[in-house]
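Q: In order, the protein sequences belong to chains Z, F and S.
Each residue of the first sequence is one higher than the one before, counting from 1 in the working numbering.
Each residue of the second sequence is one higher than the one before, counting from 1 in the working numbering.
Each residue of the third sequence is one higher than the one before, counting from 1 in the working numbering.
Don't read these hints as lab results, they were simulated from the structure.
Check the hints yourself; a few may be wrong.
Derived lysine-lysine pairs resembling DSS-like cross-links, with alpha carbons at most 30 Å apart [as the list claims (entries may be wrong)]:
{"hint": "1", "chain 1": "S", "residue 1": "LYS7", "chain 2": "S", "residue 2": "LYS32"}
{"hint": "2", "chain 1": "S", "residue 1": "LYS32", "chain 2": "S", "residue 2": "LYS264"}
{"hint": "3", "chain 1": "S", "residue 1": "LYS75", "chain 2": "S", "residue 2": "LYS58"}
{"hint": "4", "chain 1": "S", "residue 1": "LYS32", "chain 2": "Z", "residue 2": "LYS199"}
{"hint": "5", "chain 1": "S", "residue 1": "LYS257", "chain 2": "Z", "residue 2": "LYS197"}
{"hint": "6", "chain 1": "S", "residue 1": "LYS67", "chain 2": "F", "residue 2": "LYS232"}
{"hint": "7", "chain 1": "S", "residue 1": "LYS32", "chain 2": "S", "residue 2": "LYS58"}
{"hint": "8", "chain 1": "S", "residue 1": "LYS67", "chain 2": "S", "residue 2": "LYS7"}
{"hint": "9", "chain 1": "S", "residue 1": "LYS259", "chain 2": "S", "residue 2": "LYS281"}
{"hint": "10", "chain 1": "S", "residue 1": "LYS124", "chain 2": "S", "residue 2": "LYS58"}
{"hint": "11", "chain 1": "F", "residue 1": "LYS232", "chain 2": "S", "residue 2": "LYS32"}
{"hint": "12", "chain 1": "S", "residue 1": "LYS75", "chain 2": "Z", "residue 2": "LYS197"}
{"hint": "13", "chain 1": "S", "residue 1": "LYS129", "chain 2": "F", "residue 2": "LYS232"}
{"hint": "14", "chain 1": "S", "residue 1": "LYS264", "chain 2": "S", "residue 2": "LYS238"}
{"hint": "15", "chain 1": "Z", "residue 1": "LYS40", "chain 2": "Z", "residue 2": "LYS89"}
{"hint": "16", "chain 1": "S", "residue 1": "LYS7", "chain 2": "Z", "residue 2": "LYS199"}
{"hint": "17", "chain 1": "S", "residue 1": "LYS257", "chain 2": "S", "residue 2": "LYS281"}
{"hint": "18", "chain 1": "S", "residue 1": "LYS281", "chain 2": "S", "residue 2": "LYS7"}
{"hint": "19", "chain 1": "S", "residue 1": "LYS58", "chain 2": "Z", "residue 2": "LYS199"}
{"hint": "20", "chain 1": "Z", "residue 1": "LYS197", "chain 2": "S", "residue 2": "LYS32"}
{"hint": "21", "chain 1": "S", "residue 1": "LYS259", "chain 2": "F", "residue 2": "LYS232"}
Source: prediction; values computed, not measured.
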Amino acid sequence: MSRSITLGQYLPGESLIHRLNPRMKILALLLFLILLFSLKTYGGLTALFFIALGMIAVAKVPFRYFLRGLKPILYIVVFALIIYLFFTKGGVVLLRIGFITVESEGVREGIFVIARLFTLILFSLLVTLTTTPLSLTYGMSYFLKPLRYFGLPTEEVAMIMAIALRFIPTLMEESQRLMRAQVARGADFETGSIFRKAKSLVPLIVPLFVSAFRRADELALAMEARGYRLGARRTRMYEDLIAPRDWAVLSFILVLFSAALAFGL
Amino acid sequence: MVNRPEIIVEARNLAYHYPGEEATSFPALSGINVAVYRGEYLALIGPNGSGKTTLLKLFNALLVPSDGEVRVEGVSTIDEVEIPRIRRICGMIFQNPDNQLVATTVEEDIAFGLENLALPSAEIRQRVGEVARMLNLEHLLQQPPHLLSGGEKQRVAIAGVLAMQPGCILMDEPTAMLDTASRRDVNDMVRMLRQNHNIAVVHVTHFPEEAAFAERVIVLNQGRLVRQGPPKAVLTDLSLLHSLGLQSTAASELAALLREDGFELPSQLLHNRELVDSLCSLELKS
Amino acid sequence: MFIGTEKLTYTYMSGTPFAATALNEVSFSLGKGEITLIIGPSGSGKSTLIQHLNGLLKPSSGRVYFKGQAIGSDKGELLRLRRRIGLVFQIPEEHFFSETIYDEIAFAPRNLGLAESEVRIRVKDALEKVGLRAEQLQYRHPFQLSAGQKRLVAVASVLSMNPEVLILDEPTAGLDPSHRRNLFALLDNLNRSGGLTVIISTHHLDDVVALAHSVFVLQGGRMVLAGPPSEIFTTREKLYDLGLSLPSVTEIMHSVKEKGLPVKTNIYTLAGARQEINRLKGRPGR
């Protein structure tokens, strides 16, 4: 049963992109996004789009996974396009229906915005598809570190997120089993008014909470038994090392930045 | 043996009350004097609520004695500073394999305890590799725990404790939720730990067949130690076991019934083989 | 055919890289008023199979039959089916959600749309069937019960639908031996006096084989053995290969026979073994 639940979008692989330090991947993503939003010309955007495609090729992730990731934002794309087509004025009038016009500037801007959105999503998916949720968590917790000076226990937050990732599939499996067990006792979760439906969830939510608390209790005990102590210094199995390849990627991005600046893209 | 066996864990006059339950009928544990020796296999049996799990938690410093003391390699568990060392020496395996695996992959989970010890990364990787080889987990290292079978999960839990190079492993009904094959597997592992690594095992179990393979059995009831001795003596005391709602091995139970019927069977009979051999020798005589 | 399957195949996540076949062309059938055991190691497909029997899962291919009719996928029909085939899940007390035992057991009959007066009768009957006294218990909180009582209440909470078939998935997981025997005695009684058809899925065979009319063995999603207990438990090597073991008493009888004593091996209880060995001696036994 547990096989039916997979978590995150991570696709295992051995490519250069897979092996980059997660911290560096997050930083690179951030830089690419800044670059993306500061680009003004079609030329620059096209160049960046092809760079994204190039990196996807390096990561050896099948392109259909990206298409699948793009699907959910299709509505936003259509909506944005309509707004731009009808409300941005300037250039040549391309179409006139009564008092509504579609002008060339609107088309230009609309396509530009959508292309930017697509590229943005390609870059983000590239990170989530090539990084395990756990590494992502650790990578993000690194950038949260300064918050420690404001009293945020960042190491513990990272541990909490890691445990959540560990238990999401277990709890999903459990809720599925629970739902079947109550259906076997004649429960109906599908028909009836919203009020009835909400009420019918009690037999699911109560046991799920009870079980989650019991698990939390047992897990806390097991962690303590294995020497985990709040605030104590820990090491990690894999050091968080920045390898030469990480520096290489960073310099590559910086070169792109200066090129974009130099050519006024 | 000339040398006196070395004591790993020792409880002296140990008592424990759960907070808020001081007023109830009997304390969770009281008047416990017991020692665990290096490399020994000790089974702990008793009805539900007899204090078995509480005792293990006291050995591992998860609980602090209300009275008396627990010493692990000579160090009292009351000493806060020594707790990391005590937990390294006394590892613990719990009943529910699902709720003791912390990490998102098997290898990270085996590493968890070592990370808590703040060992250098290289050493953690080396030890994880060694333990994985030893317990035949190498092919599973990258798997997330939720895709493992119950038996595999317990194997990972044992690996995580073994990696800390403990002197003693406390097991709280580790086979209760497993099927026959996985149970055999865990029991083989226990044997291996003692023989190859001289690690003491304290095994809380509901299965008389498991207790029968221990070197010593301790019976708890209502927080008191009511009996201890070799399985041959303890597990053949059926009147004691039955009065506590416990059972002995099928061979021992059957032998007792047959003795009532006038069969002359040895009194300390525990394993199938012993029963079968005695029965056969009887038949030959008659 | 009272209830059964024909070439039942079930694949999880079909059409994805994670697809896994849980059941592979499983065909079996059993008669009304029988007690049936479905045994196999964990992961062999037992739970998946029994969840098909009351329509909780839909076959990828093949059919499930009840009273000679194939189970369709019509929603109303499935609802009616689930009332007649009760299913008790593994560790069912973890699914409790009510504040009183009464409400917990009333959940199913209320879902059937019965009047509260009728529900009251159902709850009382169900509690009686599992040997608990309604007046003593029904307004207590389920969490106040002992482990054994909780399990009985969970069984009652399905019996309150008045099913014709009762299916139980590992009904004694986590129970100690005395509660275990109590539950099996109860199921035996419901079967004998009430004509209830009972299906039990388990990997732990002690105390239960003696009740069974027929046994089905699953391995890797396939039905590998089927027949009455006397047939299934005559070949012990085969069961070992499947990662199963014999009931401990049967194991002893096999060993005795191997030593050359002419005993029957289709014996599953201590009392049976006692009688058989006495018979050997030319004594009636007790």
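Q: Determine for every hint whether it applies to the structure shown.
A: For each hint, the structure was consulted:
1. In summary, the hint linking S/LYS7 to S/LYS32 is supported, as the alpha carbons are separated by about 21 Å, within the 30 Å threshold.
2. Distance hint between S/LYS32 and S/LYS264 is fulfilled; the C-alpha atoms sit about 29 Å from each other, no more than 30 Å.
3. Proposed proximity of S/LYS75 and S/LYS58 is supported: the alpha carbons are some 12 Å apart, at most 30 Å.
4. At roughly 37 Å between alpha-carbon atoms, S/LYS32 and Z/LYS199 are farther apart than 30 Å, so this suggested pair is violated.
5. For the proposed pair S/LYS257 and Z/LYS197, the alpha carbon gap of about 61 Å is over 30 Å, so the pair is violated.
6. Between S/LYS67 and F/LYS232 the CA atoms are separated by roughly 53 Å; this puts the pair beyond 30 Å, and the hint is violated.
7. Of the pairs offered as hints, the one joining S/LYS32 and S/LYS58 holds, with about 23 Å between alpha carbons and a cut-off of 30 Å not exceeded.
8. Restraint check for S/LYS67 and S/LYS7: the C-alpha separation of about 17 Å stays at or below 30 Å, so the hint holds.
9. Only pairs whose Cα atoms come within 30 Å are accepted, and S/LYS259 paired with S/LYS281 is accepted, the gap being roughly 16 Å.
10. The hinted pair formed by S/LYS124 and S/LYS58 fails the criterion: a straight-line CA distance of about 34 Å is larger than 30 Å.
11. With a CA separation close to 46 Å, the supplied pair F/LYS232 and S/LYS32 exceeds the 30 Å bound.
12. As the CA atoms of S/LYS75 and Z/LYS197 are separated by approximately 17 Å, the hinted pair is consistent with the 30 Å bound.
13. Taking the CA atoms of S/LYS129 and F/LYS232, the gap is near 41 Å; set against the 30 Å cutoff, the hint is violated.
14. Restraint check for S/LYS264 and S/LYS238: the C-alpha separation of about 19 Å stays at or below 30 Å, so the hint holds.
15. Pair hint Z/LYS40 plus Z/LYS89 holds up; C-alpha atoms about 18 Å apart against a cutoff of 30 Å.
16. Taking the CA atoms of S/LYS7 and Z/LYS199, the gap is about 39 Å. The hint is violated against a cut of 30 Å.
17. Taking the CA atoms of S/LYS257 and S/LYS281, the gap is near 14 Å; set against the 30 Å cutoff, the hint holds.
18. Of the supplied pair hints, the one linking S/LYS281 and S/LYS7 is violated, its CA atoms being roughly 49 Å apart against a limit of 30 Å.
19. Pair hint S/LYS58 plus Z/LYS199 holds up; C-alpha atoms about 27 Å apart against a cutoff of 30 Å.
20. For the hint linking Z/LYS197 to S/LYS32, the alpha-carbon distance of about 37 Å lies beyond 30 Å, and the restraint is violated.
21. A C-alpha spacing of about 24 Å is found between S/LYS259 and F/LYS232, which places the hinted pair at or below 30 Å, so the restraint holds.
The structure fails hints 4, 5, 6, 10, 11, 13, 16, 18 and 20 (numbered hints given earlier, in ascending order).
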